[in-house]
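> As a plain string of letters, each chain reads:
Protein chains: 2
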Amino acid sequence: MSENRDGANGTVDSHGQSTRISNGTLRLGMIGLGLAGAGMLPAVFEDSRFKLTAVADPNPLLRERFAKDHDCRVFDSAEALMEGDCVDAVYIATPHQLHCEHVVLAATHGVHAVVEKPMALTLEDCDRMRDAVDRAGTVLIVGHTHSFDPAVLAIRDIIRSGSVGRLAIISMINYTDFLYRPRRPEELDTSKGGGILFNQIPHQVDTIRLLAGSDVTSVRAASHVLDPARPTEGCCTAFLEFSDGTAATLTYSGYDHFDSDEFHEWVGENGQPKKPSHGSTRQKLGVFSSSREEAEARTTRLGYGGRPMNPATDEKWFQPHFGTLIVTCEHADIRQTKDGIRVYRNDGSEEVIIPCASTRPGRSKVLDELYDAVVHGIAPVHNGVFGRGTLEACLAILESSRSHAEVRLGNGLGEQA
Amino acid sequence: MSENRDGANGTVDSHGQSTRISNGTLRLGMIGLGLAGAGMLPAVFEDSRFKLTAVADPNPLLRERFAKDHDCRVFDSAEALMEGDCVDAVYIATPHQLHCEHVVLAATHGVHAVVEKPMALTLEDCDRMRDAVDRAGTVLIVGHTHSFDPAVLAIRDIIRSGSVGRLAIISMINYTDFLYRPRRPEELDTSKGGGILFNQIPHQVDTIRLLAGSDVTSVRAASHVLDPARPTEGCCTAFLEFSDGTAATLTYSGYDHFDSDEFHEWVGENGQPKKPSHGSTRQKLGVFSSSREEAEARTTRLGYGGRPMNPATDEKWFQPHFGTLIVTCEHADIRQTKDGIRVYRNDGSEEVIIPCASTRPGRSKVLDELYDAVVHGIAPVHNGVFGRGTLEACLAILESSRSHAEVRLGNGLGEQA
Chain A
26 MSENRDGANG
36 TVDSHGQSTR
46 ISNGTLRLGM
56 IGLGLAGAGM
66 LPAVFEDSRF
76 KLTAVADPNP
86 LLRERFAKDH
96 DCRVFDSAEA
106 LMEGDCVDAV
116 YIATPHQLHC
126 EHVVLAATHG
136 VHAVVEKPMA
146 LTLEDCDRMR
156 DAVDRAGTVL
166 IVGHTHSFDP
176 AVLAIRDIIR
186 SGSVGRLAII
196 SMINYTDFLY
206 RPRRPEELDT
216 SKGGGILFNQ
226 IPHQVDTIRL
236 LAGSDVTSVR
246 AASHVLDPAR
256 PTEGCCTAFL
266 EFSDGTAATL
276 TYSGYDHFDS
286 DEFHEWVGEN
296 GQPKKPSHGS
306 TRQKLGVFSS
316 SREEAEARTT
326 RLGYGGRPMN
336 PATDEKWFQP
346 HFGTLIVTCE
356 HADIRQTKDG
366 IRVYRNDGSE
376 EVIIPCASTR
386 PGRSKVLDEL
396 YDAVVHGIAP
406 VHNGVFGRGT
416 LEACLAILES
426 SRSHAEVRLG
436 NGLGEQA
Chain B
26 MSENRDGANG
36 TVDSHGQSTR
46 ISNGTLRLGM
56 IGLGLAGAGM
66 LPAVFEDSRF
76 KLTAVADPNP
86 LLRERFAKDH
96 DCRVFDSAEA
106 LMEGDCVDAV
116 YIATPHQLHC
126 EHVVLAATHG
136 VHAVVEKPMA
146 LTLEDCDRMR
156 DAVDRAGTVL
166 IVGHTHSFDP
176 AVLAIRDIIR
186 SGSVGRLAII
196 SMINYTDFLY
206 RPRRPEELDT
216 SKGGGILFNQ
226 IPHQVDTIRL
236 LAGSDVTSVR
246 AASHVLDPAR
256 PTEGCCTAFL
266 EFSDGTAATL
276 TYSGYDHFDS
286 DEFHEWVGEN
296 GQPKKPSHGS
306 TRQKLGVFSS
316 SREEAEARTT
326 RLGYGGRPMN
336 PATDEKWFQP
346 HFGTLIVTCE
356 HADIRQTKDG
366 IRVYRNDGSE
376 EVIIPCASTR
386 PGRSKVLDEL
396 YDAVVHGIAP
406 VHNGVFGRGT
416 LEACLAILES
426 SRSHAEVRLG
436 NGLGEQA
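Line by line, the protein sequences are chains A and B. Per the numbering used here, the first sequence starts with residue 26, numbered consecutively. Per the numbering used here, the second sequence starts with residue 26, numbered consecutively.
Derived by calculation from the structure, the hints in this document are not laboratory data. Check before you lean on any hint, since a few could be wrong.
Since copy identity is lost for identical chains, a pair holds within one copy or between any two.
Unchecked claim - Straight-line alpha carbon distances no greater than 20 Å define the calculated EDC-like cross-link-like pairs of lysine to aspartate or glutamate that follow:
| no. | residue 1 | residue 2 |
| --- | --- | --- |
| 1 | Lys341 | Asp159 |
| 2 | Lys341 | Glu319 |
| 3 | Lys300 | Glu376 |
| 4 | Lys76 | Glu376 |
| 5 | Lys300 | Asp372 |
| 6 | Lys217 | Glu424 |
| 7 | Lys309 | Asp372 |
| 8 | Lys363 | Glu290 |
| 9 | Lys76 | Glu318 |
| 10 | Lys363 | Glu287 |
| 11 | Lys300 | Glu375 |
| 12 | Lys309 | Asp202 |
| 13 | Lys300 | Glu290 |
| 14 | Lys341 | Glu376 |
| 15 | Lys341 | Asp94 |
| 16 | Lys76 | Asp96 |
| 17 | Lys363 | Asp159 |
| 18 | Lys309 | Glu290 |
| 19 | Lys341 | Asp101 |
| 20 | Lys341 | Glu290 |
| 21 | Lys341 | Asp269 |
Please take these sequences and the hints and turn them into a complete structure.
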């Protein structure tokens, strides 16, 4: 159960893989053309190390839209795609409850996988996924989350360099319109992986865990269901402590009231410039006459082809982010900014500008991690152990909210990369 | 041990007090002309309901400065002031370890008192103070803290009105230069009431408790001593839960790195417009060659006469604040702004501008509460029960930080106004 477990087993013997990888290019399959899959594609298309060779989705409209745009094999199921024997790795962007099945499927075909967060809905499923991957010797990465954002990785590098002394406190807050974006019914049911605990808090927990770099030992949290019409957790505040004494608090609300991008110079989550539009997401949702109509809109509007894939070319985009992130170390605070990070040391502050090499800088880092693991044998940070640890912390947040008491982690359960 | 205990006993029989209060004007004494006392005086001078009739301070320089400026009795000790029989109420701005002694002294002379936070350093002392006040039938108010800020009171009024539904989450963050302002040695010793737990966190805890309006039942926190040269807690993050399920997280750092007034349009704690001056407080501190020199500077520079008492007349001041305050309710988020508050409801947001009726709007509210209690018999919110509750929560934050575990409050200990 060490940091290298997934990584070591996922390291590819370049000789054994030589029939599948030519010229260092990896054949990638996208399973799921909904919001998450469509959001990943721009990063794939602009990365010459990958060739998208297959996609799969059960929805005929999304398949049709995709086939019209791209010369690529199109399947109606993950199973069919796997049987097609045309991919080295897959990006699994299917509904949460299918993550386990699809990762195991990929592993049994010897195919590397990136699976969207949350890794699964139970720790048992996480273990099944890790076992399958270990047996197959394939790579498993859990992402994308905002812990892949270049700014977050830059903060981690500074902490690791030792120049700012020990890490003490991480503070994250984010206020969004999450709960009023169009949803499928299961996305509003916590028991089926709905709500912010499985879909938004993992961004904060992943980021905090990546920066802290040790095991979560204690969780105390409160989450609330404030809108009976969207009967799943929509806001949360939590305290996390790590084995080395580092502590973090996170606050999130998705009720479309305050928008904390106001603290981020009105730059949105993906780095896009945005205008204040308080309340408009809730208003737009009001046009749907039924949950079925809403679910359809989610697929057709937010899935592949429902909206422009790339930003307008005349707009400058900034770094992706997930709200306010402030890190307190012994000799400096570090804060994420729209262009990168700002380091406030004893004798002054400096902004570190991070160039936007990609239109999707955070998602391109997922591909970096996958490529480095498969081709160069570099153990991924966001492996199955890491993904499981984030799910465990999110489940602990839910448990603490329900029991109104501290949840202690550890005893091998709180293991972390 | 009810809400009204202090208030009820502190309610003044206007007949019995008629020899002391003429024309509705209260004779006020200021005990302590250091930073806190000097900071309160502008509000006293501009409030016609009060007449400053006496001051006391053991420091000859501060007494001399004051006597030159004002026609008012000047004493060298709290005891001498009390014997002078020239006050109806005192504002006790003495070092923390003297709060208990001075409140008891006032009570035994039948004099009403406002005592600066923290109310005392132990719960036992709080009880002693409350007993003395109860016996004497005088008013006791614990302040000033930022929970007196008009914006905080406006948020409380909206919550109480019921128009925004139930309160769910309160989030407060503040990053300042606190630890590098000139200090007396005991102010850097936690066991003597030094550090942020006794001096800064009470602002956040008071504000959160005032808004939540029920008892703190659970505290989980981490605080850190990051600078061995200032060996007391300088940063902290904490989770608080209340008996009705309301939760709050607060984060504070006083290490003069990030300055969160950047999120407040560069308006400072007292409402003053400020310029970014990151690192300058630490730099200025470097000129002192000894802790004695530093302590002297604290008195001479920050005490009475050490700096201009009022803002330059051509500067517009804004509302006082203590960092970022965001409140999540069922039907709205409410956030403190530089001019008041902004309410983000389902159908749009509106800013509620609060007029600055005083140059010290937060401190003038302390005087309102004192006057209303003494003259009109209105039970004060910030009474001895409330002050004790805040100290108890701050001590629980310290205990949780040391034990790395949740601290449960209640059993009558967590009582609150």
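> Failing hints, ascending?
1, 2, 4, 9, 15, 17, 18, 19, 21
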